[in-house]
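Given these sequences and hints, build the entire structure.
Chains S and D, in that order, give the protein sequences. The UniProt record's numbering applies: residue 1 is where the first sequence begins, and numbers increase by one. The UniProt record's numbering applies: residue 1 is where the second sequence begins, and numbers increase by one.
These aren't lab readings, by the way, just hints derived from the structure by calculation. Model, not experiment: these values are computed from the prediction. It cannot be assumed that every hint is accurate.
It does not matter which identical chain is meant; a pair holds if it fits inside one copy or across any two.
With a Cα cut of at most 20 Å, we get these calculated SDA-like pairs of lysine to any residue [to be verified]: (1) K57 / R8; (2) K70 / L113; (3) K57 / G119; (4) K47 / D87; (5) K47 / E131; (6) K47 / R157; (7) K57 / E120; (8) K70 / A40; (9) K57 / D202; (10) K70 / E58; (11) K57 / P85; (12) K57 / R29; (13) K70 / R130.
Protein chains: 2
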Amino acid sequence: MGAVKTKRMPRAVREQQMLDAAVRTFGQRGYMAASMDEIAELAGVSKPLVYLYLNSKEDLFTACIRREAKALTEAVRAGTRPGLPADRQLWSGLTAFFTHTARYPDGWAVLHLQARTHGEVFAAEAAAMREEIVAFVTQLILAAARDAHRDPDLPEREVAGLAEALVGAAESLADWANATSGVTARQSAATLMNFAWAGLGDLMAGRRWSPPDDDGGAAGAQAGATSPAT
Amino acid sequence: MGAVKTKRMPRAVREQQMLDAAVRTFGQRGYMAASMDEIAELAGVSKPLVYLYLNSKEDLFTACIRREAKALTEAVRAGTRPGLPADRQLWSGLTAFFTHTARYPDGWAVLHLQARTHGEVFAAEAAAMREEIVAFVTQLILAAARDAHRDPDLPEREVAGLAEALVGAAESLADWANATSGVTARQSAATLMNFAWAGLGDLMAGRRWSPPDDDGGAAGAQAGATSPAT
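What follows is the structure, given as structure tokens:
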């Protein structure tokens with residue numbers, strides 16, 4: 001690849017320009033509708049150069065997913081400050097998340113909409129990032145539970161479920177915020193804190209919500225369900 | 001179509017058998033890997049009959065998405081009992097949701113995984129159902145806020161955000177519960193109540209979580225953010 005003519009600009013820089021153009025095009029027009037001509041033009045390079053560097057539309061899309069996934073997970077990790085009280089950690093992590101998704105709406109669309117809509121290979125790339133974020137959130141919740149000295153009351157399985165709920169809520173809110181004009185990252189983070197933290201907060205403090213005992217009827221739990229607290 | 005030979009069984013019944021077989025096959029093997037041969041065999045009919053009734057693999061998949069979407073929204077509506085206190089309504093609605101997704105895991109996989117992974121046409125079908133559920137949840141939260149006489153403190157936009165968060169959390173938990181052995185519908189509903197209700201409950205009671213004032217640093221909100229409470 002050393003023979004590639006780079007015209008003043010190093011390959012790495014030019015490649016990032018191509019990825020910038022691709023993320024914008026895929027995010028705004030969708031994977032199917034996006035054309036390599038359009039991406040090359042937006043990047044200010046020839047189409048053959050895009051193919052030379054990134055190989056195919058599929059590989060270019062995969063490179064976009066990986067770059068955007070890395071940027072998002074790094075933003076969340078950098079934004080979450082260890083050592084703070086649990087609610088402050090969650091607030092700073094959520095603020096970092098929504099700030100990033102608001103600032104890079106095309107990147108978020110690539111990760112959360114396009115990557116999951118165009119086949120299992122791309123979906124698996126996005127799922128790998130999601131698993132990393134769920135694992136990170138699980139550790140945060142476990143740490144918060146330890147701080148609250150409530151370990152025995154919060155079984156590992158419930159923590160895993162809480163982390164899934166939190167990540168799903170954040171994803172859904174980010175989609176909505178980016179589609180709704182005038183919603184700021186701070187507002188989204190505050191909405192999720194209002195929704196989730198007092199809930200998690202009550203849980204950490206041992207104040208569980210208790211299901212009623214008399215709801216075995218039409219809407220009741222399925223046969224064989226055990227106590228929700230176990 | 002009146003000339004179709006039905007061999008004792010009415011067309012509607014046979015069509016449902018085909019859809020049963022298709023949902024199972026699409027849900028378990030994925031849309032791409034599923035073959036019409038396999039679906040016809042599982043339904044106990046000939047492949048030409050499947051094409052005659054459902055036209056194409058695409059149309060068959062669309063019919064599956066629509067049937068499963070209708071069944072899920074009806075289950076949630078039927079499970080949510082108006083007139084109960086807000087937490088009981090949410091509990092019964094969530095229990096109905098998780099009972100349905102646990103009982104019909106292939107239907108849930110079709111709706112939430114397959115439909116969103118194989119192109120924009122199918123994704124739009126699933127999105128329409130999701131919008132209906134978000135609208136339903138929005139009404140539940142608004143009714144709860146009215147009951148709590150807190151209207152002025154809960155702007156419509158925040159209610160919309162809360163509904164998105166709740167639906168996203170429920171979807172994510174349903175995926176996780178179906179992928180994790182031994183998690184019952186009742187446990188999933190209780191986890192989400194513990195996560196969300198005490199949070200929503202505090203909110204309805206006017207006990208907001210407040211962001212700290214001094215977090216304008218690295219993880220801080222983006223420029224131009226306004227107060228989270230407005």
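Hint check results:
no. : hint       : verdict
1   : K57 / R8   : neither (26 Å within a copy, 51 Å between copies)
2   : K70 / L113 : within (17 Å within a copy, 23 Å between copies)
3   : K57 / G119 : both (14 Å within a copy, 16 Å between copies)
4   : K47 / D87  : neither (49 Å within a copy, 57 Å between copies)
5   : K47 / E131 : neither (35 Å within a copy, 39 Å between copies)
6   : K47 / R157 : neither (50 Å within a copy, 44 Å between copies)
7   : K57 / E120 : both (16 Å within a copy, 18 Å between copies)
8   : K70 / A40  : neither (23 Å within a copy, 43 Å between copies)
9   : K57 / D202 : neither (48 Å within a copy, 49 Å between copies)
10  : K70 / E58  : within (18 Å within a copy, 34 Å between copies)
11  : K57 / P85  : neither (45 Å within a copy, 53 Å between copies)
12  : K57 / R29  : within (14 Å within a copy, 26 Å between copies)
13  : K70 / R130 : within (11 Å within a copy, 29 Å between copies)
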